[in-house]
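Undergrad: Each protein sequence line maps, in turn, to chains A and B.
At position 369 of the first sequence the residue is numbered 374 (the numbering used here), and the sequence of numbers has no breaks.
At position 300 of the second sequence the residue is numbered 280 (the numbering used here), and the sequence of numbers has no breaks.
It is worth saying that the hints were derived from the structure and are not from the lab.
Where hints are given, some of them may not hold.
As a list, the in silico DSS-like pairs of lysine-lysine whose alpha-carbon atoms are at most 27 angstroms apart [stated by the list, open to error]:
(1) B/LYS185 x A/LYS259
(2) B/LYS237 x A/LYS209
(3) A/LYS404 x B/LYS208
(4) A/LYS216 x A/LYS65
(5) B/LYS415 x A/LYS77
(6) A/LYS231 x B/LYS398
(7) B/LYS109 x A/LYS324
(8) A/LYS259 x B/LYS119
(9) A/LYS77 x B/LYS131
(10) B/LYS119 x A/LYS324
(11) B/LYS109 x A/LYS65
(12) B/LYS60 x A/LYS54
(13) B/LYS52 x A/LYS77
(14) B/LYS200 x A/LYS259
(15) A/LYS216 x B/LYS415
(16) A/LYS228 x B/LYS109
(17) A/LYS225 x B/LYS331
(18) A/LYS259 x B/LYS109
(19) B/LYS331 x B/LYS237
(20) B/LYS391 x A/LYS216
(21) A/LYS135 x B/LYS398
(22) B/LYS200 x A/LYS228
(23) B/LYS119 x A/LYS267
(24) B/LYS128 x A/LYS54
(25) B/LYS415 x A/LYS54
(26) B/LYS60 x A/LYS135
(27) B/LYS248 x B/LYS264
(28) B/LYS91 x A/LYS84
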Amino acid sequence: MSGLNLLELIDKAKELGAQDVEFYYQSSIDNSIEVYEGDVESLESAHSKGLGIRVFLDNKMGFAYTADFNEKRLEEVIKEAIANAQIASEDEYRDLAEGDYEYDDLDIYDPNLEESSPEDKIDLALQIEKVALDYDQRIESVISVGYGDSISKVRIVNSKGLDQSYKGGIAYAYLYVLASDGEDKQTGSALTYGRNLKALTPVKTGEEGAKNALDLLGGKQVKSQKAPVVFTPKVGAMFMYVLAQALTAESVQKGRSLFAGKLDKTVANERVNIIDNGSLEEGLATAPFDGEGVPSKKTDLIKEGILTNYLYDIYTANKDGVESTANASRGSYRGIPSVSPSNFYLAPGDQEAEDIIKGVENGFYLHKVSGLVTGGANPISGDFSVGATGQWIKGGEIKGAVNEVTIAGNLIDFLKNIEEIGNDLKFNPSIGSYGSPTFKVRELAISGA
Amino acid sequence: MLSEKLIREILQVALEGGGDFAEVFYEDSVRNILTLENSNIENVKTGYDLGVGVRVLSGDKVSYAYTDDITKESLLRTAKVAGAASQGSAKLAVNDLTRKGITLIHPIEKKPMEVSKGQKAELVREANKGALNYDNLIKQVMVTYADKTQKVLIANSEGLLVEDERVHTRMMVTAVASDGEQIQTGSEGPGLHLGFELFDRYKAKELGKEAARQAVTMLKANPAPSAKMPVVINNGFGGVLFHEACGHGLEADAIQKNSSIFAGKVGKQVASKVVTAIDDGTVKNAWGSYGVDDEGESAQRTVLIKDGILQDYMYDYKTARKEDRISTGNGRRDSYRSIPIPRMTNTFIDKGQSNPEDIISAVDDGLYAKKLSGGQVEPATGDFVFTVAEGYLIKNGKIADPIRGATLIGKGIDVLNKISMVGNNLELAPGMCGKDGQSVPAAVGQPTVLVDQITVGGTERKGD
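Extracted from the complex, chain A is given alone in its bound form:
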């Protein structure tokens, strides 16, 4: 591996004063293409690699990373990590994975991806652009459309005998469109991903991006009121993002979660099941093990409305005297592992999305929220207030678009009021790997005119 002998480096780190040490090596090949008005606008390609080093010393942890594997630099980086550990606070729960575990063999790498030609990738992006532009005259422009892929190798080695690696690959394509009816302008976006080019759906995705913008044109404010709200999978997934942050053991232990002290209690409607599953093969955040080498698994967080578990890494699990749920995440070799969800979703129910809408006499079909993930929801109190755009439902039918309103409520009330759940689970990878089906919340406060 690029001339790096990680096992020798462990000895080196110990010689330099580390008691325990862990190396996280990552190399990747990334490509991305953007097209604009029928031509290639940009092409990017990269071969990169790097090493993250965690050093443990008297229950203290230090971290350093480098992309430069020059022998002198490596020694300097190890020394920095040790010096960093020396000024950290002592904490008896800091620890590494104890040697190797049993791991699932996951199908997350397709060699076809590496062999796909740049021309095919460009064609795919061009096709998405064309589909969106041709979809309706009111599509004013496709602001951005692109294709990307990434193949990465990860290896973790630690001084307790763990030595594991995997290779994974993912391809994706997206678009962001602008629709205009002369007066109002609205944007829409859509994304498709898979393990190879064939798994991507350029036509469906291009149409979806266009439709998302068109649905919202000519939006009007509605009167302030309380009404049922039907969530699209896309917006549902954004709420899953907020819930996931509050369900990490780190948030709970630090008193930053509305779920603190609520284990085994009812926190949601009995139809609600919320799951984290790092070994879901179709997921974007899937790998045989997490950022500390712990095997990925499925964890029930809310089961039939009852809070059953939190998300743990080794450190937070040690603190609570439980097992890690394999939710240590590093982002890249540049990051210190911390608790974070993998593929996190609201489990699907058995209703058709259409039937949920049909059952609403007078309510809001929520397509977009803004401000939710940037401070619009308080993870401790659970209060949220966000800008909302969507359509109004009257007598079971979708009527005009709705704009410039806010919806407000509390996350626990929201969970308890989820009374109908669709069978159309879909992941929204724009903010991580969060998924949700269509669902209906009995009542939320809408403020408008």
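Starting from the known structure of chain A, arrange chain B on it as the hints suggest.
TA: Just chain B now, kept in the frame of chain A:
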């Protein structure tokens, strides 16, 4: 560092496919981050980033490749990959490289690399203490210290060769106050293009105290009402609204794609007459400043809006070339891993005539947004939502009770047209600006301003 001979070779190889412009961006960065929580120093991190990116332009097409392996062999391979997508036939020669001297406008006295880790840890503890000692209601404090020293070398086929060193130092304190029922947070986070002398200007303990004051104040606040009302936005970080809801629409890439409300409006009235807005990368030691941008163009001051009339946009090399003009020095990237794109530096509404007190007195019934936190904007339409971190009602020209949970909702251009008073107390504040997945330090700013009407979304539940 790369030799001039090797740089020329890389540029020449990059142009072999027929490109009409090639550029080398070399970066050697070191960063240090310390985080404290629950009075423990939890994470201490040092990162070394070293790499080279090669960009080739061929008409409007950009092709980019980067590597973190800076051997000659790998660099030439990277140049070849970057050049392969070009379609021109003419083989351009690389001009002789001329080293561009840069005037040192952002002097650094105490290089963070030369300050001991122990001193940085001490500072973080001081801030923690400042917040904890403020009030018993403070239950938690989080402190982050960060410094970054970035050395860059930029060279291109037109013969430019320039080096720059950027030093950024910042501290962020978040205090959490709780009375057992409600929880509120406050935060304070100064940062400058400066070394450790940042802390001669800002005392860590005071930063902690200020974060705590905000949290405790908000704990005692009532839920915000929902209504359309006049809003006074305080100076400093209040400028984030202009940055997000208008500034991005003044970047030349958005203009050329016609995805901005400001496209085609130079010379036209786009804001009320009291509004002058500027992007200025030369403000001494400001958070968004530099000597040269990431394409080697000198930082400059660009008037975007003068007395309400749109003057100009912010350009990088590529967007400027398309209009046959020169860059405004706004070509930035987050590292050697990314292509440069037009970005803001220090972007602010310029100071006006009014005393801040007179602005408050002018409002009978409204909201005083003393501090904004994050926000979200649809760049193509200018629709925004911002959260008010510290807000008060204004009653009969006086600041009244604090309110919590308020959001500001509207469109950027509407707000610009509804600004009726601009204060004389311009101040800048640091932020990390994200665009196309790239994050760069950018300062926002403004004096205190009065916006005649904004939709305020609150959490107060009428009719409950």
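Undergrad: Compare the structure with each hint and give your call.
TA: Evaluation of the provided hints:
1. Our distance criterion of 27 angstroms between C-alpha atoms is met by B/LYS185 and A/LYS259, whose separation comes to about 23 angstroms.
2. A hinted pair counts as satisfied when its Cα atoms are at most 27 angstroms apart, and B/LYS237 with A/LYS209 qualifies at roughly 24 angstroms.
3. With a C-alpha separation of about 26 angstroms, the suggested pair A/LYS404 and B/LYS208 falls inside the 27 angstroms cut-off, and the hint holds.
4. A distance of roughly 53 angstroms separates the Cα atoms of A/LYS216 and A/LYS65; the hinted pair therefore is violated under the 27 angstroms criterion.
5. For the proposed pair B/LYS415 and A/LYS77, the alpha carbon gap of about 36 angstroms is over 27 angstroms, so the pair is violated.
6. Using a Cα cut-off of 27 angstroms, the hinted pair A/LYS231 and B/LYS398 is violated, with the two alpha carbons roughly 31 angstroms apart.
7. For the given pair, B/LYS109 sits about 25 angstroms from A/LYS324 by alpha-carbon distance, which is consistent with the 27 angstroms threshold.
8. For a cut-off of 27 angstroms, the pair hint linking A/LYS259 to B/LYS119 stands: about 10 angstroms separates their Cα positions.
9. The straight-line distance between the Cα atoms of A/LYS77 and B/LYS131 is roughly 19 angstroms, inside the 27 angstroms bound, and the hint therefore holds.
10. The hinted pair formed by B/LYS119 and A/LYS324 meets the criterion: a straight-line CA distance of about 20 angstroms does not exceed 27 angstroms.
11. Our distance criterion of 27 angstroms between C-alpha atoms is met by B/LYS109 and A/LYS65, whose separation comes to about 22 angstroms.
12. Proposed proximity of B/LYS60 and A/LYS54 is supported: the alpha carbons are some 20 angstroms apart, at most 27 angstroms.
13. Distance check on the hinted pair: B/LYS52 and A/LYS77 sit about 19 angstroms apart at the alpha-carbon level, within 27 angstroms; holds.
14. In summary, the hint linking B/LYS200 to A/LYS259 is supported, as the alpha carbons are separated by about 22 angstroms, within the 27 angstroms threshold.
15. Between the alpha carbons of A/LYS216 and B/LYS415 the distance comes to roughly 25 angstroms, so the proposed pair stays at or under 27 angstroms and holds.
16. Using a Cα cut-off of 27 angstroms, the hinted pair A/LYS228 and B/LYS109 is violated, with the two alpha carbons roughly 48 angstroms apart.
17. For the hint linking A/LYS225 to B/LYS331, the alpha-carbon distance of about 36 angstroms lies beyond 27 angstroms, and the restraint is violated.
18. Annotation: proposed proximity of A/LYS259 to B/LYS109 holds, straight-line Cα distance about 18 angstroms (limit 27 angstroms).
19. A threshold of 27 angstroms between alpha carbons decides the hint, and for B/LYS331 with B/LYS237 the separation of about 31 angstroms lies outside it, so the pair is violated.
20. With a C-alpha separation of about 23 angstroms, the suggested pairing of B/LYS391 with A/LYS216 holds against the 27 angstroms cut-off.
21. Restraint check: the Cα-Cα separation between A/LYS135 and B/LYS398 comes to about 39 angstroms, which exceeds 27 angstroms; the hinted pair is violated.
22. Restraint check: the Cα-Cα separation between B/LYS200 and A/LYS228 comes to about 30 angstroms, which exceeds 27 angstroms; the hinted pair is violated.
23. Distance check on the hinted pair: B/LYS119 and A/LYS267 sit about 20 angstroms apart at the alpha-carbon level, within 27 angstroms; holds.
24. A C-alpha spacing of about 21 angstroms is found between B/LYS128 and A/LYS54, which places the hinted pair at or below 27 angstroms, so the restraint holds.
25. The suggested pairing of B/LYS415 with A/LYS54 holds, with an alpha-carbon distance near 24 angstroms, which does not exceed 27 angstroms.
26. A distance of roughly 31 angstroms separates the Cα atoms of B/LYS60 and A/LYS135; the hinted pair therefore is violated under the 27 angstroms criterion.
27. Distance restraint check for B/LYS248 and B/LYS264: the Cα-Cα separation of roughly 31 angstroms exceeds the 27 angstroms cut-off, and the hinted pair is therefore not satisfied.
28. The hinted pair formed by B/LYS91 and A/LYS84 meets the criterion: a straight-line CA distance of about 20 angstroms does not exceed 27 angstroms.
Of the hints listed earlier, those the structure fails to meet are numbers 4, 5, 6, 16, 17, 19, 21, 22, 26 and 27, in rising order.
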